[in-house]
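For the sequence shown, position 24 (counting from the first letter as 1) is numbered 24 according to full-length UniProt numbering, and the numbering increases by one without interruption.
Note that these hints are calculated values from the structure, not bench results.
The reader is advised that the hints may include incorrect statements.
As the list claims (entries may be wrong) - When the alpha-carbon atoms are kept at most 20 Å apart in a straight line, the in silico EDC-like pairs for lysine to aspartate or glutamate are as follows:
1) K39 with E28
2) K25 with E37
3) K30 with E13
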Amino acid sequence: MLPAFPFQRLANETYINGLLLLFCKNLEMKVTQLSVEEK
Numbered sequence: 001m002l003p004a005f006p007f008q009r010l011a012n013e014t015y016i017n018g019l020l021l022l023f024c025k026n027l028e029m030k031v032t033q034l035s036v037e038e039k
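Using the sequences and the hints, build the whole thing.
Here it is in structure tokens:
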């Protein structure tokens, strides 16, 4: 049986990376909307 710890850590890192990616994309969309509204 595989040790749970490294797998759990990998899953956590993947999850966090996913959240960061979503956060950045949301931010990017908001910034784009703002600059479009300003024009």
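Tell me, which hint numbers fail for this structure? The structure breaks only hint 3.
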